[in-house]
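Colleague: In case you want the letters, here they are:
Protein chains: 4
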Amino acid sequence: MSGSSFGSIFRITTWGESHGPGIGVVIDGCPAGISVSEADIQRFLDRRKPGQSKYTTKRSESDSVEILSGIFEGKTTGTPISLIVRNQDQRPRDYGNIASLFRPGHADYPFTEKYGFRDYRGGGRSSGRETIGRVAGGAVASLLLKELGIRVQAYTKAIGPYSVPEEDYHMSEITENVLYMPDNATASKAGEYISSLMAECDSCGGIIECVAEGLPAGLGEPVFDKLDALLAHAVMSVGAVKGVEIGDGFAASASTGSKNNDPFFSEDGTVLKKTNHAGGTLGGMSDGSRLILRAAIKPTSSIARTQHTVDVNHENAEIKVLGRHDPVIVPRAVVVVESMTALTLADLLLRNMSARLENVKKVYC
Amino acid sequence: MSGSSFGSIFRITTWGESHGPGIGVVIDGCPAGISVSEADIQRFLDRRKPGQSKYTTKRSESDSVEILSGIFEGKTTGTPISLIVRNQDQRPRDYGNIASLFRPGHADYPFTEKYGFRDYRGGGRSSGRETIGRVAGGAVASLLLKELGIRVQAYTKAIGPYSVPEEDYHMSEITENVLYMPDNATASKAGEYISSLMAECDSCGGIIECVAEGLPAGLGEPVFDKLDALLAHAVMSVGAVKGVEIGDGFAASASTGSKNNDPFFSEDGTVLKKTNHAGGTLGGMSDGSRLILRAAIKPTSSIARTQHTVDVNHENAEIKVLGRHDPVIVPRAVVVVESMTALTLADLLLRNMSARLENVKKVYC
Amino acid sequence: MSGSSFGSIFRITTWGESHGPGIGVVIDGCPAGISVSEADIQRFLDRRKPGQSKYTTKRSESDSVEILSGIFEGKTTGTPISLIVRNQDQRPRDYGNIASLFRPGHADYPFTEKYGFRDYRGGGRSSGRETIGRVAGGAVASLLLKELGIRVQAYTKAIGPYSVPEEDYHMSEITENVLYMPDNATASKAGEYISSLMAECDSCGGIIECVAEGLPAGLGEPVFDKLDALLAHAVMSVGAVKGVEIGDGFAASASTGSKNNDPFFSEDGTVLKKTNHAGGTLGGMSDGSRLILRAAIKPTSSIARTQHTVDVNHENAEIKVLGRHDPVIVPRAVVVVESMTALTLADLLLRNMSARLENVKKVYC
Amino acid sequence: MSGSSFGSIFRITTWGESHGPGIGVVIDGCPAGISVSEADIQRFLDRRKPGQSKYTTKRSESDSVEILSGIFEGKTTGTPISLIVRNQDQRPRDYGNIASLFRPGHADYPFTEKYGFRDYRGGGRSSGRETIGRVAGGAVASLLLKELGIRVQAYTKAIGPYSVPEEDYHMSEITENVLYMPDNATASKAGEYISSLMAECDSCGGIIECVAEGLPAGLGEPVFDKLDALLAHAVMSVGAVKGVEIGDGFAASASTGSKNNDPFFSEDGTVLKKTNHAGGTLGGMSDGSRLILRAAIKPTSSIARTQHTVDVNHENAEIKVLGRHDPVIVPRAVVVVESMTALTLADLLLRNMSARLENVKKVYC
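Protein chains in written order, with the numbering used here: chain A, 1 to 365; chain B, 1 to 365; chain C, 1 to 365; chain D, 1 to 365.
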């Protein structure tokens, strides 16, 4: 109820602060019998850990995961899977000056208004390190999806104004550049753009796109828990995300029905669509085609420029946010968006199992 | 769990199909002592009911609400409020041809895949009439918000390509044109655009904007149930919504930190912001400034043109969706978006009450 | 959150007051494809409706159910099933004197303390009529259970001090006496006992036993949502229930491990137990043997004797609760306990579907 | 959904197996501003840890708690509190023989049926060590209750047939005997009884009683989440509990309305009751008087006698459960029942805050 859990059946609960002993997640409701190792989870965590390139914070964290429960002889047992990552590089001195000031663009002010005070060390619970729990959970969700033939992949569509149009996508290039863009050429220009902003103590944002393939039709619950609605919840809950769209998204609002409707056709008895403006959902349920979503990421709020602000006594003040900050959070957030998508799909797959009496009988009769 | 409920403490559960006996909602968790009358709720329902202008369906429904429980002597009692709207104009013959065909852009195909069959009468549970329950619930949520000095208002920002820029907003004009736009001049052009599409048996979409004023800082739960995340869930769960953004939204992804950060300042001890790119949320919590969100609405899927599709036996076919359909759903969806926003805020206000021991003591000590 | 819902996947939400327009339930999460008719539900409601014998209230209610949604062509569609029973015999004059007095044994006083005031007409939301929603929901749950070969049956084990020992059970006699006891002889004595209490304006309670057969092993979730824990929650939530036990229950607390443990044995590869002190659950999960639970029902609180009490101004006063009250609620509560058991089992069956990857694959692969 | 969480607002999620790296709990929804130290939690854990007397297992565990998050400078911050207890004495050899056998009275058989296999080391997730998370959570809940003037206390009412009648209660003696009975004399006899059973490789159970004082009237939600219903859920979810009753409980079923109703009276404007057969609840809400509940604990299932059973291949077999087992679990379960009661009350106190508009305004206006 305090919002540290996500999912109904496949459900994660995260905990931990930036500068406390560690960060963790408890995954409840994972089916028994899935092979999971620490290495499987570490692979996901390594995609978000700091220090991967010159565009990420210099904070030094190995982000090594330890499995505390729920796995026996290499397989999930059906009981809660508890995972922990110990914090290592906690340099509290970097954050001394923000104890009494509210950083613009950060949670400091509303956090203090909500709880009466806050753990001011490195953003506390509102730090980007909070996403470690999401990614560790997403790694396990992805293993479940893989067992069912479903693949989720996120990548950087745009950094600031540098966007890759769909016709230039080269999916194999995603892992070839540190920005995780599907086009090395755009990534190169975007890198120069980031460097120029770094020189000015400024920052930028971008757009992450995520696709899922292999989904059966019918995932998502018709009214409030539509597939799109839960994805929007999941992705918008990631710090720095300011917008979410499915398929053509905002562009669809300026289209017409005759262009935006995706005509169905049948091929060997399989129902397919000639286009996919909908991005894989109809009436809030998966339609069997490729799921496509996009998340708008705002520019990193922590910048080393002098900004106007107020202090905890509500006096006017100035602040320069020092410390080790990413000039752009997008590349490290790619795996976070992918994880939130995987978690949403895993949960909806389990929720959907009881949609028909026929399926209930498959399990029990 | 099947997704017919929304909210944690202030929680609605909706039910009903387009062509069944009626549509309804049960509101659980509404505090006792709020004055609520059928007229209060009817005022909201009248804003979404059909037949308000030449741009809306000709289906004739009075959409009269009956209060079945939870109100005693004009006040909420704290027990569940059950509301029902009986369907009147059920012309099943209009929908006969769609029983065996999957309409492009509609839930028909995934619904059938999910449940094995579907109530094909007028979209069944996936009909736009489903939103009646949301609006009735939103009316009650709005009365609670009003008691706390909070006002929510939605309006049409754009119809197809006709968008009102913020500098041209005339909020008093919203109720002066049938499209609920804050600029009569743009509304007039948009109206002509819709008329031209109607002549071609085509349809369009648009953008709805919603603002909330009077919110205390600190609403929203820090990690998964951020204010923005729950708003995204709420609004994206409305049929036809394909994107949601908060504040500058997607535009923020192309901005820089130095421009996008909203500097704080203090005035008579009150913390204010010089700009509001964030749209009223920081770290997933309200920051005390104006909340702003936008929803992208796709063009109406029901068009009277011949479209390619498949039938329930997965054979290729053609379909012309006859019946009484809105050429644009945006004007009637305005109150739906406003209702979903009000429901989200009401719930978060109640959830936030126990954030501090100090507040718990205010109630019990 | 205000407690008007029960269940996680198969979930009911009830509403309604004793003297309002009606009482109802919304069932969400019921699998599609189950045959349900109004007659099926009516059969359950008739078992709890007033006026069945001289031991029940004379309030005249037909308690006729109307299906408002979720059923199409005789089958559940997977969407919420909304059921309503209109109140008919609302004689507010009977309850006039209790508007300002707190009836001993009733919810009047804490209700007023909680909400600030109450709907004093016939107990309002705390009336026994509230159980109509439970029974209507239980009827649908029972139809699902029946499809899976599971049968639930409740009956009266004891009325006041008149208890039927297990060795005297004649299950066929349950429907032969108005008290639903499995022994006509004991029922006859219990009937005389009730008559004598009625003559003295007094009332009594009793014990309801409920058994379920045909359950697969493994239902129930290991820690907090154990089968026994959810059954205890379900049954204790029925007004007037003051105790719940499973298997030998309280008697087990005075036994020893060597006597109380049920030895396993194998017959044709099937695991069976030589005894069933456990009542069908081990470690909070069904063990494949017969589930047995008992509920202790307190004596009816409404008695026509003069009792000491206080009024809404906290002044000392006297009260005689007139009106039409059951001298014993047990016989009418039998179907309520059976319904709550059925609802709990239906929900746990659906929850258990995703316990193993193997079962997830049965549905999707 | 897999049942590892308890509570709605004040919500705990537990994890961990008997012989894995450790056991833990995440507490979400705890108000900010409560003083909590590791010592406060340790005090609760020490009451359930093994090795306290000759009647408890010889397993050697210090059960030292570490706070991983949610506390800053000695106070709760409003964010999730993560607590861990590392397992130390994991002697897997003791449990080797049970890997292939189903122990009578244990979860082994249904666990295997549910998940396909099980972590057989010491009961895995179904071990009594699972309650560590409950007790650590209960310690924090109790600190919240204390801030509001509410005190919860559990003790042993009966061991096997040795029960302390209410008239012999000496509450100060509870901490004077290792069985936590409110009468040293009975405790002494009960001790001899346990010793005699130990000599015969047998075990016994008992009854735990729990009282709470200082509760405001009105806690509990009227229909499904009644105070008694949630307490029954909470307490019955503890392994080995086979029955729960409130107030006179099962005895009330044999009483009459005139005796069982508790008359109200007013003293200086305060509403009091002359008797408390109800045990502090009316209509599922606290009535301001002392809350009383009892839990029936079955005899320890692990006994070193030869018992009939079956193996994982469903072949008949014999088993002698060796290892370090408590001959009676009751004394160590006292603090578990107290913790579950505290957790339930803490949650209902927070849930009740929004029952009235008046209270909502106390927080916001």
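Quick caveat, the hints were computed from the structure, so don't treat them as lab data.
Positions of the beta carbon are idealized from the N, C-alpha and C atoms, including for glycine.
Wrong hints could be hidden among the right ones.
Unchecked claim - Pairwise CB distance ranges (calculated):
hint: 1; chain 1: A; residue 1: A251; chain 2: B; residue 2: K54; range: 25 to 35 angstroms
hint: 2; chain 1: C; residue 1: S266; chain 2: D; residue 2: R324; range: 22 to 32 angstroms
hint: 3; chain 1: D; residue 1: F265; chain 2: B; residue 2: G149; range: 57 to 67 angstroms
hint: 4; chain 1: C; residue 1: R43; chain 2: D; residue 2: K146; range: 44 to 54 angstroms
hint: 5; chain 1: A; residue 1: E315; chain 2: B; residue 2: G149; range: 47 to 57 angstroms
Said to hold, decoys possible - Selected chain B positions facing chain A (Cβ under 10 angstroms, derived; list incomplete):
hint: 6; residue: A99
hint: 7; residue: R121
hint: 8; residue: G133
hint: 9; residue: G149
hint: 10; residue: V244
hint: 11; residue: S258
hint: 12; residue: I303
hint: 13; residue: Q307
hint: 14; residue: Y364
Colleague: If a hint holds in the structure, say so; if it doesn't, say that too.
Modeller: Outcome of the hint check:
Under the hint 25 to 35 angstroms, the C-beta atoms of A/A251 and B/K54, about 27 angstroms apart, fit the expected range. At about 29 angstroms, the beta-carbon gap between C/S266 and D/R324 stays in the expected band of 22 to 32 angstroms. For the pair D/F265 and B/G149, the beta carbons lie near 42 angstroms from each other, so the given range of 57 to 67 angstroms is not met. For the pair C/R43 and D/K146, the supplied restraint of 44 to 54 angstroms holds, since their beta-carbon distance comes to about 51 angstroms.
Range check, A/E315 to B/G149: Cβ separation about 27 angstroms, and the 47 to 57 angstroms hint is violated. Evaluation of the B/A99 hint against chain A yields a violated restraint, the C-beta minimum of about 16 angstroms exceeding 10 angstroms. Evaluation of the B/R121 hint against chain A yields a violated restraint, the C-beta minimum of about 15 angstroms exceeding 10 angstroms. For B/G133, the interface hint holds, the least distance from its beta-carbon to any beta-carbon of chain A being 8 angstroms, beneath 10 angstroms.
Because the closest C-beta pair between B/G149 and chain A is about 16 angstroms apart, greater than 10 angstroms, the hint is violated. At a threshold of 10 angstroms, the smallest CB-CB gap from B/V244 to chain A is about 6 angstroms, leaving the interface hint in force. The interface hint given for B/S258 is met, as the beta carbon of that residue sits about 5 angstroms from the closest beta carbon of chain A, less than 10 angstroms. Satisfaction of the interface hint for B/I303 is found here, the shortest Cβ-Cβ separation to chain A being roughly 4 angstroms, below the 10 angstroms cut-off.
Against a cut-off of 10 angstroms between C-beta atoms, the interface hint on B/Q307 holds, since the closest Cβ of chain A lies about 6 angstroms away. Here the hint on B/Y364 is broken, as its CB sits about 17 angstroms from the closest CB of chain A, past 10 angstroms.
Hint compliance for this structure: hints 3, 5, 6, 7, 9, 14 are broken, all remaining hints hold.
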